[in-house]
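Participant: If you're matching them up, the sequences are chains W and H in order. As numbered in the working numbering, residues 1 to 375 make up the first sequence, in order. As numbered in the working numbering, residues 1 to 393 make up the second sequence, in order.
No wet-lab data here; the hints were simulated from the structure. Incorrect hints may have been included.
[As the list claims (entries may be wrong)] Only pairs whose alpha carbons sit at most 27 Å apart, straight line, appear in this in silico DSSO-like list of lysine-lysine:
hint	chain 1	residue 1	chain 2	residue 2
1	H	K357	H	K209
2	H	K53	H	K257
3	H	K258	W	K301
4	W	K14	H	K303
5	H	K278	W	K310
6	H	K351	H	K257
7	W	K310	H	K351
8	W	K301	H	K303
9	W	K310	H	K303
10	H	K110	H	K62
11	H	K278	W	K232
12	W	K45	W	K107
13	H	K310	W	K301
14	W	K232	W	K310
15	H	K22	H	K258
16	W	K26	W	K46
17	H	K310	W	K14
18	W	K310	H	K357
19	W	K188	W	K112
20	W	K188	W	K34
21	H	K257	W	K301
22	W	K34	W	K353
The residues making up each chain are set out below.
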Amino acid sequence: MDFSFTEEQEMLRKIARDFLTTECPKDLVRQMVKDEKGYTPELWKKMAELGWMGLIIPEEYGGIGGSFLDVVVLLEEMGRACLPGPFFSSLIGTLAILEAGNEPQKKELLPKIAQGELLSTLAISEPGVGYEMNTIQCQAMLKGKEYVINGTKLFVENAHVADLIVCAAKSKDGTGHQGITLFLTNAKSPNLTCTLIETVAGDKQCEVSFQGVRVPQGSILGELGRGEECLKSLLQVAAVAKCAEMLGGAQQVLDMTVNYVKERIQFDHPIGTLQAIQHHCANMLIDLEGIRYITYLAAWKVNEGLPFGKEAAIAKAWASEAYRRISDLAHQCHGAIGFCEDHDLPLYSKRAKASEFAFGDARFQRRFVAQEIGL
Amino acid sequence: MDFRFSEEEERLREEVRQFCQKEPPESFPCEIEDEGYGFGGWSSAFTRRLGQKGWLSISWPKEYGGLGRSIMERFVAAEELAYHRAPQYGHLFGDAVAAGILGYGTEEQKREFLPQMARGDILWATGLSEPGAGSDLLNTATRAAKDSDNYILNGQKIWPTGAHLADWCLILARTDPEAPKSRGLSTFLVNTRSPGITVNPIIDMSGSKSFCEIFLEDVRVPKSCLLGQENRGLPLVFACLEGDRFWGRCLRHAGSKKDLEELVQYVNEASYDGRRLKDDQVLRDTLAEIAVELEVCRMINYKAAWLLNKGQSISWESSVVKTFADELGQRLAQVGLQVLGPQVQLREDSKWTALRKRFTFLYTFNRGLSLAGGTSEIQRTTIALRGLGLPRG
Chain W
1 MDFSFTEEQE MLRKIARDFL TTECPKDLVR QMVKDEKGYT PELWKKMAEL GWMGLIIPEE
61 YGGIGGSFLD VVVLLEEMGR ACLPGPFFSS LIGTLAILEA GNEPQKKELL PKIAQGELLS
121 TLAISEPGVG YEMNTIQCQA MLKGKEYVIN GTKLFVENAH VADLIVCAAK SKDGTGHQGI
181 TLFLTNAKSP NLTCTLIETV AGDKQCEVSF QGVRVPQGSI LGELGRGEEC LKSLLQVAAV
241 AKCAEMLGGA QQVLDMTVNY VKERIQFDHP IGTLQAIQHH CANMLIDLEG IRYITYLAAW
301 KVNEGLPFGK EAAIAKAWAS EAYRRISDLA HQCHGAIGFC EDHDLPLYSK RAKASEFAFG
361 DARFQRRFVA QEIGL
Chain H
1 MDFRFSEEEE RLREEVRQFC QKEPPESFPC EIEDEGYGFG GWSSAFTRRL GQKGWLSISW
61 PKEYGGLGRS IMERFVAAEE LAYHRAPQYG HLFGDAVAAG ILGYGTEEQK REFLPQMARG
121 DILWATGLSE PGAGSDLLNT ATRAAKDSDN YILNGQKIWP TGAHLADWCL ILARTDPEAP
181 KSRGLSTFLV NTRSPGITVN PIIDMSGSKS FCEIFLEDVR VPKSCLLGQE NRGLPLVFAC
241 LEGDRFWGRC LRHAGSKKDL EELVQYVNEA SYDGRRLKDD QVLRDTLAEI AVELEVCRMI
301 NYKAAWLLNK GQSISWESSV VKTFADELGQ RLAQVGLQVL GPQVQLREDS KWTALRKRFT
361 FLYTFNRGLS LAGGTSEIQR TTIALRGLGL PRG
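Required output: the full structure, derived from the provided sequences and hints.
Facilitator: What follows is the structure, encoded as structure tokens:
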């Protein structure tokens, strides 16, 4: 049993924290919420120079060859800094290519991703469709040597700045079996339109409309009509990655709150001396401890190549509700000042809400857990 | 990062598993039934049997009758026993007292008490609370007055679990009434058969008889039974409380795993109002929520066990363990009754009678979980002060 990170991972954490403290101040985060693009190319370039986009990519494809746990460390720090931009969404696209891509696809795409030159994202949800794959409506039909995709995808994160959209669509294989196929779609394809959706957190979610978008057969990621297993596992990894980001955010929310209640004077004393406040803070720490270790368990299983579906669902179910509880209590402890748009806290509490839904909310996860416990 | 157990730990777990199959824990008579803390009921016979196996003293030094193995091995054995609902209550408090004796006792005390405790020959209770000193332990009024080679104890203790079954009791008493409240307290190892001691069990709202009250009237305790330094009893008591808060709660995930499995089995088989329970989405969600919480609880407990195993002491961490475990236990009992529904009124010959009895009992007893060994409010204050460094009020 070992709950600790390696020295290298602790070093990565320190570098990431220092870097993001300097390069990603809250004013920038606030600016990016209102900015249409949602990130600055300068910061993106600096992150690429640190090798972060290539952290999970093997060296043979121009990456650093880090482990999933390394990425978890980085995501925690990004969550803590409330980093805006397409790092997370592109990571999920990258994981899809790593998981299902064939050799030519990996050779072509991964080095560019590692350099920070190519942004990808994943398109699954649709109007009325969350993450239940059998309800996907988007269709891909074979026409000659190309597939033609028709359908609407919702909540495609950062699609407006992505180069590559990994799109899940229904298609038939040669035997007539209908299944999910993942397509590597050029985001700038004709007949593909991308519209930003206004969200609470100001994260850049898009509606992507495919109206006869043509993709060559070589753009199929993984097996034709057999993408469901791959997609399921990808969503589960994404959920764990999201938990890591949420963990960092929740930690920062608690730290901010503890600092505030130590300094805020009412009745001649810091409000942190009041048990009502102390118990709010204790509840936040209990929830946070839960997020931390359940996330590490799931992440470690991913890292070791062990079956992790159940742990991923449990982690996301817990983190989704615990992070929301933590940010609710943080608001209560901060009082009216935390209610202001200029304050840092809303950046986090809005993200907490957005994260709750990403890759399946608590109820979605518990539906899976119920099966796993034999119901 | 690695969440596997070591080979030695897994070997011990397997040994415990086989032992539980060969000698089913439920075949041992219990003096106190399983109250749902996670560590099972109180069975003097089972505790003695574990003593024969050497499993009461896994992590104690060999020279005092221990096996000299790691804390993680001790934890793994307890966890496996808990999953089999083995009664471990009978030696829980002895474990806490042993920590006190190992940390603060004289060589004579170690040699006299520990080997007997390792065998399960003597059982313990801990007498800390008093009618006027519950959460506020510093208000302890029981008096220990020096009289040549003895101390004379007078006062009243309340809530020590199993004191009516225990041979010995750790007693916190005031040796210096003039000193500031925290400075005049000492701890004593007191034989419960000493003249002047009266022990009465208290029947709690579940009908269980586990808590007691102890009256001390001119009880003569030899100086050799003072544990630790005179007037320096508090650190020792906190060390024992760590035992109560961590070891008394760290098995929740294992003890309750079986409860969840049984509820799942019930839901899979039972129908109500012409509908199969397993098709009820609310019930499915509710049980999945318990499964999620049990897994979170398991990891919180592992983290604390890992720290202890590294030789680190834990303070607020054990309060997190306790609060999470106790409140989860209460939710589980509530969910259990919700799942069983009106079926809790099933006839005695129903297949589910045992499950129904267990949950109706747990439901009432579990009100006490978040009180015993320090209320959840005291735990939260500890977490805020020591875990987050908030200023004292």
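Participant: Hint by hint, which ones does the structure fall short of?
Facilitator: 7, 18
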